[in-house]
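Q: Chain residues, written in single-letter form:
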Amino acid sequence: MNGADETIIAEATDWHLASARDDMDWDGFTRWLEADVRHRTAYDEIVLADAALAEHGAMAAMQPAAANDDTIGYADDEAVAAPDSIAWHRWGGLAIAASLALVLALPWIGPGGPTTYATEAASRAIALQDGSQIVLAPHSRLEIADGERRIALSGAAWFDISHRPSRNLAITAGDLELRDIGTRFDVQETGGQVRVAVAEGHVRVASAAFDRPIDLSGGRGLTYDPRGGAVTVRDVRSEDAGAWRSGRLTYDAAPLVLVAADLARYTGVQVVVDKTLQDRMFSGTLIVGNGEAALRDLAQLMGLGLVGSNGAYRVTAQPG
Amino acid sequence: MGREDGEAGGGLAATLAAHRGELLRFLAARCGDAAEAEDLIQDLWFKAGAQPATPVANPRAYLFRMANNLVLDQRRARRRAMARDRGWLEADGIPAHAVQDRADPAEPTDEALAREQEAALVRQAIADLPPGARRALEMFRIEGRSHAEIAQELGISRSGVEKNLARAMKMLRAALADCGFFGPAASPRQARPDGTMPGTEDGP
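Chains U and A supply the protein sequences, listed in that same order.
If you read the first sequence in the numbering used here, its first letter stands for residue 1, the second for the next number, and so on.
If you read the second sequence in the numbering used here, its first letter stands for residue 1001, the second for the next number, and so on.
Please keep in mind that the hints were generated in silico from the structure rather than gathered at the bench.
What you were told as hints is all true, and nothing was included just to trick you.
These stretches of chain A come out as covered by chain U in the derived footprint (C-beta under 8 Å, 3 or more residues): (1) 1019-1030; (2) 1034-1046; (3) 1076-1083; (4) 1116-1129; (5) 1140-1146.
Subject to a maximum C-alpha distance of 20 Å in a straight line, what follows is the list of computed SDA-like cross-link-like pairs (lysine to any residue): (6) A:Lys1047 to A:His1019; (7) A:Lys1047 to U:Arg314; (8) A:Lys1170 to U:Glu11; (9) A:Lys1170 to U:Thr7; (10) A:Lys1047 to U:Arg141; (11) A:Lys1163 to U:Thr7; (12) A:Lys1163 to U:Arg21; (13) A:Lys1170 to A:Gly1160; (14) A:Lys1163 to U:Asp23; (15) A:Lys1047 to A:Ala1014; (16) A:Lys1163 to U:Asp25; (17) A:Lys1047 to A:Asn1058; (18) A:Lys1163 to U:Glu6; (19) A:Lys1163 to U:Ala20; (20) A:Lys1170 to U:Ala20; (21) A:Lys1047 to U:Gly155; (22) A:Lys1163 to U:Leu17; (23) A:Lys1163 to A:Ala1148; (24) U:Lys275 to U:Arg314; (25) A:Lys1047 to U:Glu120; (26) A:Lys1163 to U:Asp5; (27) A:Lys1170 to A:His1147; (28) U:Lys275 to U:Pro319; (29) A:Lys1163 to U:Met24; (30) A:Lys1170 to U:Trp32.
Source: prediction; values computed, not measured.
We put the CB at the ideal spot given by N, CA and C, even for glycine.
Okay, chain U solo, but in the shape it has when bound (with noise of 0.2 Å):
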């Protein structure tokens, strides 16, 4: 690597930093891609870098968290601590000594607005202060309110809530009001539709929709149809529960307009279902790494025809 390209990979990642605030300047980024060809492939490996981060350094957090905690509690034992953890244990107290100090400045700051977080093409890991965990999938939309006790998603999360009998905490999703929670379950909301799937714990499902909640207990989960009113309650293998995290998408008799949709959200293509196809539905797993390759698995398992090129595509009733 020689100076210029390490001037240019400064200057990609100044844009790549830049482009997340409202005062960046579009039109002086595009200049600076037009100057020379190698800008767009620094750029390139700066953006696909951070959303690596984003992508894997969500799945890394969960694990770290534990061994993080532990370190904190032994702040001043140093004697048995490799180097490294050394470091990250100075890191770790500061960080806890500041956060502390976070949230006691909290409702100093005012009575606490929604927080917004609405993801692009990576999912999300957000941590919430009683140490419950949130993955919210890509192109998804999540809002904390009400000092962390409502909570509002549009797309897909994962969410793993520490059980506190004294909270009242409600997630609503479509028509759907999500109460009495402590528990580890996935929730997926496409246009109204609405399914939740419950790997451990219990979670209890209210709606206007309904006559009466209905509760989940770990390996079960329900589907909820605002046509019509429509919910279906069956089992779910727990392991299938938020597997779309590990790239992993499993439907039992879903509509082929869903699956289609869920790629969409988690591939980033575009998908159009033929009209003839409302009908069909889907049994089977796919995997989502690569948006056309898992499309090219739905419609050679169902015997359909994919037409279309450069992240769109319609499914047709016609074998390819």
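Based on these hints, arrange chain A on the given structure of chain U.
A: Relative to the frame of chain U, chain A by itself:
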């Protein structure tokens, strides 16, 4: 996909119509391919039309950001297909996204395995960063903290946060480049002689 340009979609579609030229120029510069830029601007029409009608403070910047994200989505899919099919691609020279031409469905275990390997590689690269850089990146990208929060937690200035993040991202890029994450031909000095990138197809 059958959308009537400029009709539905309200404010964003009107903004897109007004700035189509600049957005197209941006996309062409970002992709390095005019035909690809045309395809992406169609996707942008589609997405802008599908947005709920919430007011956006700066619709022009919003559209540029959407366009930038469309390219990112595409690059990610392309890189992943390239990583998976590298041997196969180099043998046959067929673009990764000519899906209809491919006879066999992807082997799910291979796909899952490739993804696992990629995740392991990325996690290792993150783990190998200096603790300060790693912590700044985690707070920013994984925990979604604001610059102000990061500054407070690390005890540095706000401009220091930006510098820290930039340094950490450059390190991560370098670590990933070193283990071949971007593919064999993706470093800045190694575009192909015809100027295309691997997996790129010129127009219809």
